[in-house]
Amino acid sequence: MLQALLLSRELARWRAAGRRARLWWRDDDARLPTPALERLLAHALAFDAPLTLAVIPDGDRAQLAERLSSVRGVRVVQHGADHINRSPGGGAFEFPPERKAGEIAAALRDGWTRLAPLPGALKLFTPPWNAIHPDLIGALANEGYVGWSAWAEVSPKATPPRIDTHLDLLRWNPAPRFRGKARLASQLRRQLARRRKAGAWDAPIGLLTHHLDHDEAAWKWLAGLMRTVRRHPVLAWSDLGDLLSEARPAT
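One point on numbering: in my numbering, the residue at position 230 of the sequence shown is 230, and numbering is uninterrupted.
Hints may contain errors.
Stated by the list, open to error - No more than 20 Å apart at the CA atoms, straight line, and that leaves these computed lysine to aspartate or glutamate pairs for EDC-like:
no., residue 1, residue 2
1, Lys-123, Asp-242
2, Lys-157, Asp-242
3, Lys-123, Glu-103
4, Lys-100, Asp-110
Honestly, the hints are just simulated from the structure, not real lab data. Predicted, not measured: the structure shown is a model, and the values here were computed from it.
Given the sequences, and given the hints that come with them, work out the whole structure.
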């Protein structure tokens, strides 16, 4: 209750300043059509919310392509090269430290080849587990990626452009579960306040979901967020393509 009140006060500050907060939505780990994916798409369509599906390109995605061919407003981006954790110890990363730049570029290229035919495909990369190899950004630039997306940065200066997420619907340890209404309200309030205090009013706030791991509490909160954004004068959805266009340096 307290966090909801504090969030309401922060939104009032934005409204008094005549500003609107820009939200964007990324969902990770799609591979195939599933009942959970259908539920996700239903949320996006019902509330006219631009959805970015971060798809794992580790196999044939023809079934997913067929399903998405009749869906409007969905972007498809590349979630890893194969999404395999090659960490020998703690942490998780797809590209281990010893992986060379040329090997990373080849893996990216192979994954994108499988993903490119999907409707709405946008050549943007999201590293699994937000693990960023030192040579990843250079490989993305050399392979012609229009952008990439990781975690927590507000308005990073990066080439290719970087558009991050900031609100994770789930807690992950010891198993995936809904993060909780109060915790998410607190996180959204902090993200809004951070931008207001920095004068970064237009910096987007990224919502991160994982449809395959949602419990009923997560689905319920997501629907509630959609209803709130639709009627609130301060909150609005943004499309990833528009955000990327704005983030590209002027020529």
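Verification of the hints:
1. For a cut-off of 20 Å, the pair hint linking Lys-123 to Asp-242 stands: about 14 Å separates their Cα positions.
2. A threshold of 20 Å between alpha carbons decides the hint, and for Lys-157 with Asp-242 the separation of about 17 Å falls inside it, so the pair holds.
3. The suggested pairing of Lys-123 with Glu-103 holds, with an alpha-carbon distance near 19 Å, which does not exceed 20 Å.
4. Of the supplied pair hints, the one linking Lys-100 and Asp-110 holds, its CA atoms being roughly 16 Å apart against a limit of 20 Å.
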